[in-house]
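A.B. asks: For the protein sequence lines, the chains are A and B, in the order given.
In terms of the working numbering, the first sequence opens at residue 75 and continues consecutively.
In terms of the working numbering, the second sequence opens at residue 75 and continues consecutively.
One or more hints might be untrue.
No distinction is drawn between identical chains; accordingly, a pair holds when it is met within one copy or between any pair of copies.
Straight-line distance between alpha carbons at most 25 angstroms, and here's what the computed SDA-like set of lysine to any residue pairs gives [as the list claims (entries may be wrong)]:
#, residue 1, residue 2
1, Lys-341, Ala-357
2, Lys-380, Ala-400
3, Lys-341, Asn-355
4, Lys-341, Pro-356
None of these hints come from the bench; they were simulated from the model.
2 protein chains.
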Amino acid sequence: MTLKTPYLMFLGDAADQLAAKTAAGVVHWRPDACIGQLRLDGCNADLGLTDMTLEEAADAGAKTVIVGVANRGGIISAAWTEVLVAAIEAGFDIASGLHNRLGDVPEIAAAAEKHGATLTDARHPTRSFDVASGVKRPGKRLLPVGTDCSVGKMYTALAMEREMRARGMKASFRATGQTGIFIAGDGVSVDAVVADFISGATEWLTPANDEDHWDLVEGQGSLFHASYAGVSLGLLHGAQPDALVLCHEPTRTHMRGLPGYPIPDLKACIEANERAAHLTNPAAVCIGVAINTKDLPAGEVEGYLKGVEDELGLPAVDPVATGVGALVDNLPA
Amino acid sequence: MTLKTPYLMFLGDAADQLAAKTAAGVVHWRPDACIGQLRLDGCNADLGLTDMTLEEAADAGAKTVIVGVANRGGIISAAWTEVLVAAIEAGFDIASGLHNRLGDVPEIAAAAEKHGATLTDARHPTRSFDVASGVKRPGKRLLPVGTDCSVGKMYTALAMEREMRARGMKASFRATGQTGIFIAGDGVSVDAVVADFISGATEWLTPANDEDHWDLVEGQGSLFHASYAGVSLGLLHGAQPDALVLCHEPTRTHMRGLPGYPIPDLKACIEANERAAHLTNPAAVCIGVAINTKDLPAGEVEGYLKGVEDELGLPAVDPVATGVGALVDNLPA
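Between the sequences and the hints, there should be enough to build the whole structure, so can you do that?
C.D. replies: And the structure:
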């Protein structure tokens with residue numbers, strides 16, 4: 075899949091800002107690609123973009139309507155369907171991060187068929203993949219890994235891509251989840267591929283490249299998450315990372331969605347990921363730590379990062395607060 | 075899925091005995107359930123069952139035609155389709171281990187619709203699963219794990235189920251692959267579920283049970299296989315095994331399908347599996363080793379098993395040659 079830009083961001087009747095988290099992430103990282111937002115009655119989210127009708131967005135050059143919002147009750151409502159069909163009739167493609175497939179709504183499927191629109195369900199890979207070969211390929215790869223889910227792995231990869239490009243380095247973010255896919259314009263939702271092909275899909279996503287080119291691969295889950303560790307391991311093996319960054323959120327009291335499962339120790343988490351990574355890349359090494367400090371008291375951030383650096387002997391950054399320069403500085407040659 | 079017995083084993087025009095490996099496995103473990111075989115012109119495989127027409131099999135009480143054979147070129151040929159449609163018209167259900175789906179052949183789909191036959195594609199889970207909860211459930215579970223793929227994990231689980239039942243213990247084989255599913259009559263192909271649900275599907279397959287009941291869970295792949303380790307880890311976490319058995323084939327020179335990837339050391343493999351298993355069951359322990367010695371010179375088998383026992387301090391058996399009694403003897407209370 076490759077999404078045509080620019081995007082019109084569809085927020086529907088989002089209950090609150092959190093429901094539009096995916097859309098907000100796209101706007102943050104691709105402000106140039108997001109030329110307007112379309113909100114329905116009852117929408118309580120705001121991306122800070124110009125509100126546009128479909129016609130205004132088409133006139134402004136928008137090519138794809140991005141449904142980057144959680145829908146209430148998992149149903150694509152009649153009100154949404156009406157707007158999406160009108161968008162297709164106006165010449166837009168539609169890309170959705172919903173669990174439901176766009177093409178499962180008969181009116182949307184019929185309109186897309188009639189008008190030749192492309193429907194992209196970012197959560198559902200449509201192509202098939204080969205089983206991973208395990209063969210080493212040229213180019214360098216970095217994978218952020220986590221103590222838990224939702225601790226800043228995508229943000230870290232994107233921030234590193236930006237920093238590396240600013241330094242004139244060859245760097246490409248490789249998206250493995252829906253928000254990342256909207257940001258990059260393509261990618262594969264690796265947690266949605268058939269289990270046998272997790273590593274194979276990752277090899278496909280991060281192909282042979284120049285020896286001095288870095289893929290910044292979006293991480294998923296955690297080797298210590300009892301629900302998703304299989305995805306994390308398959309991604310780790312397929313990415314064959316030269317470098318790992320450990321991502322962590324220090325106020326989490328248990329693994330996301332799993333009361334009773336403690337957050338792993340940072341050192342143990344690094345060792346487990348390095349050990350597993352060595353199967354497909356014996357040179358894999360953790361080059362730093364990215365801490366999401368947003369819920370730490372402001373006065374404690376500096377001391378916390380210093381403590382992690384001292385304990386692990388690795389640079390520790392907050393990608394938002396301090397930037398990721400220290401991580402880029404520590405990449406292997 | 076639950077398959078109706080007894081089975082008529084369909085061998086088609088199998089090129090050789092190896093092409094009928096799945097069917098041969100079912101006959102070995104469920105001789106009572108396999109009342110005949112149906113072979114087409116050019117078939118070079120033989121299960122040692124009575125050759126039957128569809129009519130003879132129906133008269134003998136057969137309920138399901140099992141397609142336990144690899145098809146040439148991955149195509150369901152016209153000759154096969156004709157027989158399978160005739161079977162449906164004669165009242166049979168069809169269960170297939172092919173990569174292709176039965177329902178993708180229009181004639182087969184139409185006949186099944188018309189006659190109310192159940193089509194089961196054992197490689198393709200049809201139900202959906204929840205994400206794994208990680209919550210401990212009553213009952214005991216054993217999972218064979220491997221140094222590599224295809225080293226005897228299914229055989230070990232089935233042999234242990236038989237031995238334990240013979241001793242009056244409560245034991246259930248839980249199938250995670252196509253051959254196992256035909257043998258057990260139900261199960262889930264865990265390598266074919268969507269990646270996010272590997273562990274969740276395994277939790278579903280091995281539900282709460284009596285405290286003294288053992289699930290013997292069919293293992294898949296290896297933590298050391300660069301293509302499939304994600305599946306193996308998700309299965310390990312979802313099964314929450316109390317006991318592991320390491321399975322190994324000592325003449326293998328590299329990982330299956332991966333030239334250049336060495337077979338892991340037995341001790342390292344046990345340690346890696348125990349460490350990973352401890353996430354969802356801190357009591358998980360390897361209780362023995364199952365060696366597939368069929369390619370060892372006859373004079374070396376005894377010495378090899380003795381050497382493994384001495385090195386690891388665990389019972390080492392060949393499930394075929396020595397039986398699995400020593401593994402059952404070593405189960406935790």
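A.B. asks: Against this structure, judge whether each hint is valid.
C.D. replies: So, going through the hints one by one against the coordinates:
no.: 1; hint: Lys-341 to Ala-357; verdict: both (18 angstroms within a copy, 23 angstroms between copies)
no.: 2; hint: Lys-380 to Ala-400; verdict: within (13 angstroms within a copy, 54 angstroms between copies)
no.: 3; hint: Lys-341 to Asn-355; verdict: both (20 angstroms within a copy, 21 angstroms between copies)
no.: 4; hint: Lys-341 to Pro-356; verdict: both (19 angstroms within a copy, 19 angstroms between copies)
Checked against the numbered hints listed earlier, the structure breaks none of them; every hint is satisfied.
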